[in-house]
Every structure is written in C-alpha cells, then in structure tokens.
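A.B. asks: For reference, the chains in residue letters:
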Amino acid sequence: MLRPESNADAAFRNEVRDWLATHAPDALRHRTFRPLPIEGMPWYRALSQRGWIAPHWPRAHGGMGASAVQQVILMEEMARAGTPDFPTQGLNHIGPLLIARGTPAQQQRHLPAILSGDAIWCQGYSEPGAGSDLSSLRTRAEVRGGPDGDRLVINGHKIWTTWGHHADWMFALVRTTTAGKPQHGITFVLIDMKTPGIRRRPIRTIAGDDEFAEVFFDDVVVPLDNIVGEIDKGWQVATAVLSEERLRIGSPAQALRALERLRMMLRATPADRVPPSVHEAAALVEVEVETLIAAYLEAAEAAEQGIAADSSYLKLLATDAVHQLLDLVQRVAGPAAALRDPVRRGEDLLDATEMFLQARRLGIYGGSSEVQRNIIATRVLGLPVAGAKS
Amino acid sequence: MNAEHSASLRMIAESAADAAASFGGPVRARRVHEGEPVWEPATWKAISQLGWLAIAVPESAGGLQLGAPALCVVAEEGGRALLAPPLTMGMAAGAVLAEAGEIAAPTLRALIEGLAHVVLVDAVESADANLAAHFVPDGDAAAHWLVACGLGHEFSARLLDPGAPGVALTVRHAVDGSRLADLHVGRATWTDAPQVLSGIAGEAVWRHGRHLAWLGDAAYLCGLMDAALALALDYLRLRRQFGVPIGSFQALQHRAAACHVDVTATRALVHEAARATSTRKEGWAAAAAMHRASAAALRVTKEVVQFHGAIGFADEHDAGLYLRRAMTIGARHAGAALAVLQCR
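Protein chains in written order, with numbering that gives the first Met the number 0: chain A, 0 to 389; chain B, 0 to 343.
Because the hints were derived from the structure by calculation, they are not lab data. Quick caveat: nothing in here was measured; it's all calculated off a predicted structure. Hints may be right or wrong, so weigh each one.
20 Å max Cα-Cα, derived SDA-like pairs, lysine to any residue [unchecked claim]:
1) Lys-193/A - Val-220/A
2) Lys-280/B - Asn-6/A
3) Lys-180/A - Ile-230/A
4) Lys-280/B - Glu-75/A
5) Lys-280/B - Arg-12/A
Just need the whole structure built from these sequences, with the hints factored in.
C.D. replies: Structure (structure tokens):
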C-alpha cells in the first residue's frame with residue numbers, strides 16, 4: 000500500500016502481524032486451496048474470536064467496521080503470513096445481503112452463525128442451462144399447502160456451487176413464476192442443506208481440488224419464512240448489494256497472495272537462471288498490484304462516504320493482476336514450471352502450477368470477464384445493447 | 000480526514016475543469032499542431048492568477064501549499080482539456096525554486112506571478128567539459144533555465160539565462176507540434192552562473208521536483224485519456240454500420256470496457272501515489288504512476304483512433320491530437336520506467 004499510514008493504522012498492522020505470527024497454524028500456511036472444514040474452521044473461529052473475521056461488516060451486526068485502509072492492512076498481512084482462504088459466501092454475500100434486506104428474525108438467526116463459523120454457506124445461482132444468462136434459471140419452487148400452512152417445494156438442479164458439498168445453508172434463486180420477463184418470477188430463498196430431498200456431488204476442478212459441487216433438489220420443502228424479500232422479486236434482492244459484492248470480489252486479497260507466491264519463487268531461484276526480461280517484468284508487476292490496491296481504496300472509501308462510485312471494473316482489474324503475477328511465477332520457475340505438487344522450502348512454498356490453475360476460476364465465477372465487460376459497456380459507458388431497437 | 004481530503008479536492012477539480020477548458024480545448028491544441036507556440040504571455044498570466052503555478056509552493060514562499068494531490072487534480076483537468084501551456088513543469092519548477100534560496104527568489108516570483116516560464120533541466124557533462132541537455136520540453140518558451148548536473152556531493156543546480164552568451168539553443172518539433180529544445184552550455188558560462196542548489200540536500204530537492212513532474216504529467220495523461228475515450232464513446236453510439244450503432248458490437252464494447260478499466264485504475268494509482276509524497280515511498284510511487292499512465296495513455300489513445308476508423312486516421316479529426324499529445328508527454332518521462340526498477 001502506498002498510502003502513508005497513520006499511527007493508529009501502523010499500530011494495527013503491527014498488532015495483526017504479531018498475532019498472525021503466533022496464532023496462524025503452520026500447517027495451514029500457504030495453502031492454495033481452502034482447507035476442509037475440519038482443518039480450516041478452527042482457524043476461522045480463532046479469527047472470529049479475535050474480532051477480525053468480518054472487517055467490512057458494520058459493528059452493529061458484529062463486524063469490525065474497519066476502514067478501507069485497515070481492510071487492506073489485514074489482506075497484506077494475511078498474504079504475507081500465508082493464511083488460507085475461507086469459505087466466503089457467508090461473509091461476503093449472504094451476510095451483507097441479509098444486513099441490507101433480511102428480516103430481523105433472519106438476521107438474528109443467520110448472522111451470528113456466519114460470524115462464529117457455525118454455518119457454512121453456499122450460493123445456489125448457476126444451473127446447467129443458466130450460467131451467464133442467469134435469469135433463464137429453471138429450478139422450480141411452488142407454494143403448496145402443508146399441515147402447518149403454506150411452504151415452498153423446490154425441484155431442480157444447481158451446479159458450480161462453490162463448497163456446495165460442505166455447506167450447511169444455501170442461498171438460492173428459484174423460479175416461482177414462469178410468465179413475463181425472465182427476471183420476474185424469481186424468488187430468493189434460504190435453504191437448510193439438511194432438508195430431505197437434497198443430493199450433492201462434488202466436482203473436481205482442473206486444479207485438482209473439489210472446489211465446487213452440483214446440488215439436486217427433489218421435493219425439498221422450505222418454510223415461507225426463508226424467503227428474503229418478496230416472492231417473485233428475488234432478482235431485486237440478489238442485485239441489492241451488488242456494488243458491495245463487487246468490492247469484495249475485486250479486492251486485492253488474491254493478488255497479494257499471488258504476489259507472495261512470486262516472491263517465494265524468486266527467492267528460491269538463482270538470479271542468473273532467470274532471464275533479465277523476467278526480472279524486469281516481476282518488478283513492474285508490482286505497479287499492477289499497487290494500482291489494484293489504489294483502485295480498491297478509492298471504491299471502498301467512496302462507499303464508506305456514500306458516494307456513488309464505479310466498482311464494476313475492479314473484478315476485471317483484480318483478475319488481470321492475479322493472472323499476470325501467476326504467469327510470471329511460471330516464467331521464473333523455468334523447468335519446474337511443469338511440477339504438479341508444490342515444494343516446501345523452509346517457510347516458503349514453491350508452487351508453479353496449483354495457484355496458476357486455480358486462478359483460471361477468477362475470470363469465470365461471479366460473472367465471467369466477458370459478462371463484466373458487457374456490463375461496463377452498456378451500463379457504465381452507455382453503449383447500445385446488441386439487438387436492441389434503436 | 001478522507002472525506003475532507005476528497006471533498007476539498009473535488010472543489011479544486013471543479014473550478015480547474017472550467018478554467019482549463021477556457022485555456023485549452025482541442026481547437027487550441029490543433030493550433031499548436033499547426034505551429035503556434037504553446038506558451039503565450041496572456042494565458043500564462045491568467046493561469047498564474049488561479050494560483051496553479053504556486054500550488055506546490057509553501058505559504059512561507061508566497062505559495063498555496065496545497066501539495067501533490069491538488070497539483071494532480073489541476074493537472075488532470077489540464078489533460079482533459081489538452082492544455083498546451085507547460086503547466087506541470089511550471090508547478091514543479093515552483094516547488095524547486097521555493098527551496099532554492101534567496102538567489103532564486105526573483106525567479107520564483109516571476110514564475111508564480113505569471114511573468115515567465117521556468118524549466119527544470121537535467122544536463123550531462125560532455126567530453127569537452129561543456130554541458131548538454133536534450134529534448135527539453137517547451138524549453139524555448141522559458142525565460143529561465145534551472146539546470147542540474149552531477150550526482151551526490153557533486154550535484155549542482157544553476158540558474159541560466161538561455162539568451163546569455165555561451166548558451167546555444169536549438170529547437171526541434173515534437174510530434175504534437177510543441178517544441179523540444181537542445182541546450183549547450185560552455186564550461187565558463189556554467190561556472191559563472193549562480194548556483195542555487197548543491198550537494199546531497201540540493202539533490203533531494205531536485206528529486207522531489209522530478210517526482211512532482213511525474214505525478215503532474217501522469218495526472219495530465221489520466222485526464223487526456225478520459226477525454227479521448229469520451230470522444231470515442233460518442234462516436235461508437237452515433238456511427239451506424241450494418242444498420243446499427245457500431246457501439247452495439249461486442250468486439251468493440253469489450254475493448255471500450257478494457258479502456259475504461261485502464262483509465263479508471265490508472266487514475267486511482269496516480270491520486271494514491273500523490274498522497275505518498277514526502278514518505279519514503281515517494282520516488283517509487285511517482286515513477287510507478289508515470290510509468291503506468293504513459294503506457295495506459297498510449298494504449299487508450301491508439302484504441303481511440305482505431306474506434307474511429309478512417310476518420311480517426313485523418314488529420315482533421317481530433318483523435319490524433321490526443322494520441323500525439325500522449326506520445327509527447329510519455330516520451331518526456333521515459334526515465335520513469337527505469338526508476339520503477341531501481342528505486343524499490
């Protein structure tokens with residue numbers, strides 16, 4: 000971060016660094032993939048008890064209410080210490096969404112469990128036939144009478160559900176009405192994954208981990224209380240905290256992790272085995288990381304002050320920075336660039352392929368880079384929508 | 000503090016935008032392209048009356064002491080208007096002259112009162128012990144030259160009158176129509192010239208001036224590429240081929256979006272780098288900002304020409320004004336890329 004730190008911020012950085020040095024478990028450092036819940040959730044709970052699990056949440060809801068600068072300090076120090084990724088659907092998506100749109104009962108039931116790590120969440124948006132064209136989704140939910148009154152009965156199929164096989168809860172978009180515009184008739188619903196009728200199957204990624212899953216619904220009964228917002232109006236709910244979500248998904252956290260990988264690879268490789276052009280590119284790529292941090296600070300501080308700012312470009316910027324960094328890791332690694340398994344050397348991890356392959360997801364999930372560019376072109380730059388009458 | 004910081008800068012930006020548009024604009028930039036000088040007394044005087052040339056000068060030296068963030072905001076609006084007068088150089092020269100002691104005080108006054116332009120010049124000693132400097136932007140418009148030579152304890156900066164005997168000036172044209180001066184100074188003239196900065200401390204002042212020039216021109220390029228992209232977006236919405244506006248084609252939409260990412264992100268970096276002045280990161284931050292801004296400005300303005308098709312390639316269209324200006328400003332600070340590699 001280029002921003003000069005206030006005394007309080009500098010003290011916070013030292014506090015974070017010291018605490019991570021003594022508390023972050025060695026076995027979890029520099030993991031590429033999220034540790035399985037049994038391994039990773041104790042660390043999640045430790046951070047939660049320290050009060051640092053939800054820097055971006057308001058204090059009133061149990062978050063840290065951290066400034067943008069403090070958020071970046073946390074990201075930088077966690078990247079340096081090599082602490083692992085968490086399941087983020089609770090902290091970054093449904094948590095802020097319930098804070099904005101949930102009923103008090105929904106907030107009381109779910110927010111504390113997200114903070115404490117008692118509930119892992121997944122996002123049920125994509126379907127086999129509905130990816131970039133999300134509003135064409137077809138998982139059906141019908142309101143039916145039951146012994147205790149009305150409830151939703153869900154049938155269908157979600158896919159590419161990150162951590163769907165580990166999640167306790169899913170927030171999902173389901174179709175309650177088929178007439179009218181595709182965005183109409185979608186309902187936003189919270190589903191307990193222990194409900195009878197749910198089957199899940201993990202899906203292996205090209206990086207070799209089981210990052211996502213497919214989830215099948217067969218007459219899954221969900222109480223109407225689990226609907227967020229109004230029935231048929233879930234699209235508005237899902238997009239209500241879009242700019243907040245764009246901040247999270249475009250944060251510099253992943254780029255800082257990738258930069259750490261590059262530094263470790265450079266430390267381990269004799270300088271004369273790396274072409275000068277690669278050394279040069281490795282120095283210049285730090286400009287891209289600082290650019291991303293500057294862009295994040297600008298957007299997050301605008302949000303803090305309630306000023307409308309464009310955050311739709313952050314994900315593209317972040318994805319590009321991570322990809323540049325990991326391309327460079329490959330170039331520095333030389334002949335080791337083909338090695339499947341990372342090598343531990345002292346405290347460092349030499350990984351040429353794991354994060355490189357994992358990072359392919361960045362341009363795909365949460366709205367592919369192509370969809371992001373469509374959105375910028377038509378909604379930010381005001382270019383005409385293809386096929387529209389003009 | 001952040002809210003205050005951004006609110007006061009927004010106010011400066013708003014007033015700067017109006018003023019820059021009145022002194023600049025594509026029509027004026029075209030006149031420079033066609034041979035008119037970038038500097039003329041009335042505009043320079045008017046610019047000085049806004050306080051811009053004193054923006055990075057301490058209050059104790061008669062300046063506004065608004066710092067690098069304000070300097071960048073003003074320069075950005077200058078770039079948006081394709082402002083031709085050498086504003087960034089003037090602002091940086093003011094900051095350096097303010098630290099250059101009593102001998103330099105009249106020169107500083109002449110600058111901030113809008114009576115004269117002052118350029119900062121890095122010279123090298125040639126084999127015959129004379130001094131030479133090349134490609135000095137708008138050097139022919141300057142009444143005073145502050146010329147630096149040497150490193151560390153050997154560093155020395157002296158005030159030179161470009162019309163004095165023993166000083167030879169030759170002028171070439173830059174691609175945007177502005178002028179680049181080559182300077183040759185005889186040994187005797189150099190040693191007779193008043194020394195206003197010297198040694199390690201003087202070199203630090205000089206470096207700070209260079210950083211301000213990088214930040215200012217980086218911000219200028221942010222404004223420039225934003226304006227160039229706006230021009231292209233208007234065209235993409237208006238121009239029809241195959242029965243539809245060409246801006247509805249995804250191939251062009253995605254490239255316009257990429258330009259938008261480039262412009263917005265570079266701007267964020269430049270303004271963040273400006274906040275790092277007077278910290279140990281000042282040099283790297285300013286170099287990084289300049290390096291990224293010149294690269295991004297070239298990427299964006301080349302795309303802007305391409306978005307326009309044949310008319311963009313025609314000299315009569317403004318797209319070329321933006322590209323040629325971006326080329327000129329970027330070339331001026333080619334050393335920034337090297338500094339990114341060296342100073343972290």
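A.B. asks: Now, for every hint given, state plainly whether the structure supports it.
C.D. replies: Each hint tested on the structure:
{"no.": "1", "hint": "Lys-193/A - Val-220/A", "verdict": "holds, 11 Å"}
{"no.": "2", "hint": "Lys-280/B - Asn-6/A", "verdict": "holds, 17 Å"}
{"no.": "3", "hint": "Lys-180/A - Ile-230/A", "verdict": "holds, 15 Å"}
{"no.": "4", "hint": "Lys-280/B - Glu-75/A", "verdict": "holds, 17 Å"}
{"no.": "5", "hint": "Lys-280/B - Arg-12/A", "verdict": "holds, 17 Å"}
Taken one by one, the earlier hints all hold for this structure without exception.
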